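A.B. asks: Chain by chain, the residues run as shown.
Protein chains: 4
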Amino acid sequence: MTVGPVEIGGVGFVVVAGPCAVESAGQTEEVAAAVAAAGAHLLRGGAFKPRTSPYAFQGLGEEAVAILGRSGGRHGLPVVAEVLDTAQLASMIDHVDILQVGARNMQNFPLLRALGKVRRPVLLKRGFAATVEEWLLAAEYLLDGGNSQVVLCERGIRTFETATRNTLDLASVALVKQRTHLPVLVDPSHATGLRELVIPMSLAAAVAGADGLLVEVHGAPEAALCDGRQALTPALFSDLMHRLPPVLAAIGRSLHPRTAAAPAVRAVSP
Amino acid sequence: MTVGPVEIGGVGFVVVAGPCAVESAGQTEEVAAAVAAAGAHLLRGGAFKPRTSPYAFQGLGEEAVAILGRSGGRHGLPVVAEVLDTAQLASMIDHVDILQVGARNMQNFPLLRALGKVRRPVLLKRGFAATVEEWLLAAEYLLDGGNSQVVLCERGIRTFETATRNTLDLASVALVKQRTHLPVLVDPSHATGLRELVIPMSLAAAVAGADGLLVEVHGAPEAALCDGRQALTPALFSDLMHRLPPVLAAIGRSLHPRTAAAPAVRAVSP
Amino acid sequence: MTVGPVEIGGVGFVVVAGPCAVESAGQTEEVAAAVAAAGAHLLRGGAFKPRTSPYAFQGLGEEAVAILGRSGGRHGLPVVAEVLDTAQLASMIDHVDILQVGARNMQNFPLLRALGKVRRPVLLKRGFAATVEEWLLAAEYLLDGGNSQVVLCERGIRTFETATRNTLDLASVALVKQRTHLPVLVDPSHATGLRELVIPMSLAAAVAGADGLLVEVHGAPEAALCDGRQALTPALFSDLMHRLPPVLAAIGRSLHPRTAAAPAVRAVSP
Amino acid sequence: MTVGPVEIGGVGFVVVAGPCAVESAGQTEEVAAAVAAAGAHLLRGGAFKPRTSPYAFQGLGEEAVAILGRSGGRHGLPVVAEVLDTAQLASMIDHVDILQVGARNMQNFPLLRALGKVRRPVLLKRGFAATVEEWLLAAEYLLDGGNSQVVLCERGIRTFETATRNTLDLASVALVKQRTHLPVLVDPSHATGLRELVIPMSLAAAVAGADGLLVEVHGAPEAALCDGRQALTPALFSDLMHRLPPVLAAIGRSLHPRTAAAPAVRAVSP
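Residue numbers (this note's numbering), protein chains in the order written: chain E, 1 to 270; chain L, 1 to 270; chain P, 1 to 270; chain S, 1 to 270.
The hints are simulated quantities; they were obtained by calculation from the structure and are not laboratory data.
As the structure is a computational prediction, the values presented were derived from the model and not from experiment.
Careful: at least some of the hints might be erroneous.
SDA-like mimics (lysine to any residue), calculated; alpha carbons at most 25 Å apart, straight line [said to hold, decoys possible]: (1) E/117 x L/61; (2) S/177 x S/119; (3) P/177 x S/53; (4) L/117 x L/75; (5) E/117 x L/54; (6) E/117 x L/91; (7) L/177 x P/148; (8) P/117 x S/177; (9) L/177 x E/54; (10) P/177 x L/177; (11) S/177 x E/50; (12) E/117 x L/143; (13) L/177 x L/143; (14) S/177 x E/117; (15) S/117 x S/62; (16) L/177 x P/55; (17) P/177 x P/148; (18) L/177 x L/7; (19) E/177 x S/62; (20) S/117 x S/74; (21) S/177 x E/229; (22) E/117 x L/51; (23) S/177 x P/243; (24) L/117 x E/50; (25) E/117 x L/7; (26) L/177 x P/242; (27) P/177 x L/242; (28) S/177 x E/233.
Incomplete in silico selection of chain P near chain S, CB under 7 Å [said to hold, decoys possible]: (29) 29; (30) 53; (31) 54; (32) 104; (33) 107.
Every residue, glycine too, gets a C-beta built ideally from N, C-alpha and C.
Go ahead and model the full structure; you've got the sequences and the hints to work with.
C.D. replies: Below is the structure:
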């Protein structure tokens, strides 16, 4: 499948990077510039944030969607943002290149049904307590609805272990690659919750067969409004982008070519 | 809190019973008559069913809501049905006495926000991978939105154990009763997935401090379109209703008085 | 099966109580006197303690076995203590009425093989990550070895939930009672890790079909060398013993009669 | 640390391979010859097998230890075998180069205490329900006892996922490498339970920071007496050994040099 100039699931390994949450135009632009310079292929950022507590920062909503789209456009990066509800879909569909379904919504079947009917790629995160079988059946809701542009994303499952935020299940990535034709990304940021584990787990994901990464980057993680403990700094992200090519080469893959022009996808979409 | 003639969270122990899914008017009426005769206080039934596979029976939708309401009215039982999405809310609000948020939607925050604004009680099931803290924070979305009519429902959590469908966490019931003022029901049907465990777990739930039960009953479980293995027959449900009073008496509680008249609640609601 | 004057698995509900660890003769005697006065049937106490850290209190070992035996004898209570290793067996067998296999050793097969050959009842705790099937197969090692005096004990399983120490799986108790003839006790102290949940979970265990309890009691829980947070005070234990009879009566059972004389079992054993 | 000519935890990546269980001299010799030819550094094989059911094959015991030692000696491979109980230690210590503590015994503290006193390296597998903290504290029992020759081994943890036998927790490997100086191996065979996942997870483990692998190989997996579904054939093992070097090179490591001579370690040991 392709998103503007980016093919996901081909030989080229794809890196989606950006802040957990869009906090401001300045913060987003700073991160977008940094990840574009380091070679990221798509820009991610949370607009509507699903937060455990109603008193936590809930995201900037539609304003964030606009900010994200502008920074993505400026740096030639198609954008990925999470949609939480069917009612948000109309306002997001024309401004987002890939619609993300988060872990908590993997079995939000009305949302999956609605996304099955749009002509926009969907990134389907594995629920943190979902089996591989349930994950693939959730994807089936999208495929059965007529949307074949589905990317899976492993982001760790909930277990008894508390040393990491979740338990990254890389065997599921290898398993899904053997059993389906769908591309699979890995989100090492949410999976581990610890910045210092993001690079080793990114490399391990590449070798396990992932088609790309979804990585959180923040200009000043300690001041982030959301999940700062797991965000890479721009310098660490750049380090990751330097370490990926030799590892990919060892298994016969390579980084996807850098995208030079602004994404045209949204101009032509439904 | 009260739903028509029924008080939930008082001294009286409340039993919600009915089929997993509304399959037809006849099946629903048969179950409603049986559970009313045995002393149930409310009627439950699935209209929109959240199913793991898109190819499984998805519920009769609005037709089911109407069927459920008619059978409830005929037998003087307020009705409980699950709402899956904010978009379904408008069509359900006038026909359902308690809106249920299912385990998969416990962290569907837009839905919780919407339910925080209605004047209708909400039954909030614990997510099957939610901690007690997350469950109470999900309830906080409802309370913070202005809806104080919240009933919690423990329905088992997902663990490594496969002998039962889920692992019923009765300690969480005792814990929540000590830490909040909210009423708590227990759903032994989904928690165990096995008919033969429903009665002992119902009695244990009562003694652990639950304010009531949510129990699945089907006239012919082996022919049920959904979860037949965990449904009580009418005869077993009647057996349960005979066993509850002495156990409740032992801890100073009793079954809620039977409701004699049709529920008036929907006539006066928002 | 019988242990001195106590029958486990009959109509009478049996309560085993005592400190997590034998810390001194005085502390043990104080607890033994209190639980005997309140109506306990057996005395438990840790001699060799399996501790996660090598730097934590490891138990008084053989001295503790002797202390426990003396206090038990003084109050007419047969004693239960955990054996960690085949090498400890010889020194414990003549001083302990029931040999406990702890959760960490449920699949210590050489130990199970050795215990299959002794003429002494064995209390087999469920491993904190063991399925019901694995638990019953562990019991099968004892039965297959020739020891039919096996009592099972559910003590909570490890899950993602952190509000309680473990997750008490009462459905497993009902399931095991339906599938085997073995008596089953419940340990609400380790299962919950919280004193305030011990009484409600004890009552729930009784109603779920358990044949008895294993409860930790300490004269001064805040000063306990081990697991004080989950220990009942003597006053709370007495409260529990007053609350059990009506709940048991509601399901057609009763507390086992109090044991008046010193246990004769050890005098006649192998 | 070194075992004969093999250094574990240095730059060289170490591969331990062999059958789940020693079934016969012929089967062991066939596997030993194959893995030696393919470049393995140590030979593993189960002598005393911890089996869930007492009716499953329990291993050949001391005979297996002798068989394993002879095949290892013939091919210049130091041998690794599991010890289940302190009582087995005396008969194994002179015939085994690395004593393995299996997942079920990670918290068998008397065994750890005994192994803390021997002059023989210990391979400590993570318990399938052990946190990283508990695993490191179990290692502390060995270190505190005076044995500094400790190798850790991640072999998957028990979670709700049933598509794989366990869930391989590679983040724990990266975490432990950052927090301790101990070498860490990964056992992709038990972790996944599926032959087709062993190679991708082996490569991922190498990139995640593991110091080596523990891999099951069987000449005829479909006829294996134990865990055949997860065993590599000799051909697949050879494939793995060809794929490792480029991946290791990408992260600045390499396979440990092949061991040419018979291990001298046992001749000089304690």
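A.B. asks: Would you mind marking each hint as holding or not holding in the structure?
C.D. replies: Structure-based check of all given hints:
Between residue 117 of chain E and residue 61 of chain L, the direct Cα distance comes to roughly 20 Å. Compliance with the 25 Å bound is thereby established for this hinted pair. Among the hinted pairs, residue 177 of chain S with residue 119 of chain S is consistent with the structure: their alpha-carbon atoms are about 24 Å apart, no more than 25 Å. Restraint check for residue 177 of chain P and residue 53 of chain S: the C-alpha separation of about 20 Å stays at or below 25 Å, so the hint holds. In summary, the hint linking residue 117 of chain L to residue 75 of chain L is not supported, as the alpha carbons are separated by about 30 Å, beyond the 25 Å threshold.
Proximity of residue 117 of chain E to residue 54 of chain L is assessed by CA-CA distance (about 14 Å); at most 25 Å being required, the pair is judged to hold. Simply put, residue 117 of chain E and residue 91 of chain L have alpha-carbon atoms about 22 Å apart, close enough for the 25 Å limit, and the pair holds. Of the supplied pair hints, the one linking residue 177 of chain L and residue 148 of chain P is violated, its CA atoms being roughly 41 Å apart against a limit of 25 Å. With a C-alpha separation of about 44 Å, the suggested pairing of residue 117 of chain P with residue 177 of chain S is violated against the 25 Å cut-off.
Note on residue 177 of chain L and residue 54 of chain E: the hinted pairing holds, with a Cα-Cα distance of about 22 Å set against a maximum of 25 Å. For a cut-off of 25 Å, the pair hint linking residue 177 of chain P to residue 177 of chain L is broken: about 28 Å separates their Cα positions. Restraint check for residue 177 of chain S and residue 50 of chain E: the C-alpha separation of about 33 Å exceeds 25 Å, so the hint is violated. For the suggested pair residue 117 of chain E and residue 143 of chain L, the alpha carbons sit about 34 Å apart, so the restraint of at most 25 Å is broken.
Straight-line distance between C-alpha atoms of residue 177 of chain L and residue 143 of chain L comes to about 17 Å, which keeps the hinted pair within the 25 Å bound. Taken as a hint, the residue 177 of chain S and residue 117 of chain E pair is broken in the structure, with Cα atoms around 47 Å apart against an allowance of 25 Å. A distance of roughly 22 Å separates the Cα atoms of residue 117 of chain S and residue 62 of chain S; the hinted pair therefore holds under the 25 Å criterion. Between the alpha carbons of residue 177 of chain L and residue 55 of chain P the distance comes to roughly 37 Å, so the proposed pair goes past 25 Å and is violated.
Simply put, residue 177 of chain P and residue 148 of chain P have alpha-carbon atoms about 16 Å apart, close enough for the 25 Å limit, and the pair holds. Of the supplied pair hints, the one linking residue 177 of chain L and residue 7 of chain L holds, its CA atoms being roughly 17 Å apart against a limit of 25 Å. A distance of roughly 43 Å separates the Cα atoms of residue 177 of chain E and residue 62 of chain S; the hinted pair therefore is violated under the 25 Å criterion. Proximity of residue 117 of chain S to residue 74 of chain S is assessed by CA-CA distance (about 29 Å); at most 25 Å being required, the pair is judged violated.
Annotation: proposed proximity of residue 177 of chain S to residue 229 of chain E holds, straight-line Cα distance about 19 Å (limit 25 Å). Between residue 117 of chain E and residue 51 of chain L the CA atoms are separated by roughly 19 Å; this keeps the pair inside 25 Å, and the hint holds. For a cut-off of 25 Å, the pair hint linking residue 177 of chain S to residue 243 of chain P is broken: about 52 Å separates their Cα positions. With a C-alpha separation of about 18 Å, the suggested pair residue 117 of chain L and residue 50 of chain E falls inside the 25 Å cut-off, and the hint holds.
Using a Cα cut-off of 25 Å, the hinted pair residue 117 of chain E and residue 7 of chain L is violated, with the two alpha carbons roughly 43 Å apart. The straight-line distance between the Cα atoms of residue 177 of chain L and residue 242 of chain P is roughly 22 Å, inside the 25 Å bound, and the hint therefore holds. With a C-alpha separation of about 22 Å, the suggested pairing of residue 177 of chain P with residue 242 of chain L holds against the 25 Å cut-off. With a C-alpha separation of about 22 Å, the suggested pair residue 177 of chain S and residue 233 of chain E falls inside the 25 Å cut-off, and the hint holds.
With a least beta-carbon distance of about 28 Å to chain S, the hint placing residue 29 of chain P at the interface is violated under the 7 Å criterion. Taking 7 Å as the C-beta contact cut-off toward chain S, the hint placing residue 53 of chain P at the interface holds, the least distance being around 5 Å. For residue 54 of chain P, the shortest C-beta to C-beta distance to chain S is roughly 5 Å, which falls under 7 Å, so the interface hint holds. Given hint, residue 104 of chain P at the interface with chain S, holds; its Cβ is 4 Å from that chain's nearest Cβ, closer than 7 Å.
Contact between residue 107 of chain P and chain S, as hinted, is supported at the beta carbon level, the nearest pair being about 4 Å apart and thus within 7 Å.
Comparing the model with each earlier hint shows violations of hints 4, 7, 8, 10, 11, 12, 14, 16, 19, 20, 23, 25 and 29; every other hint is respected.
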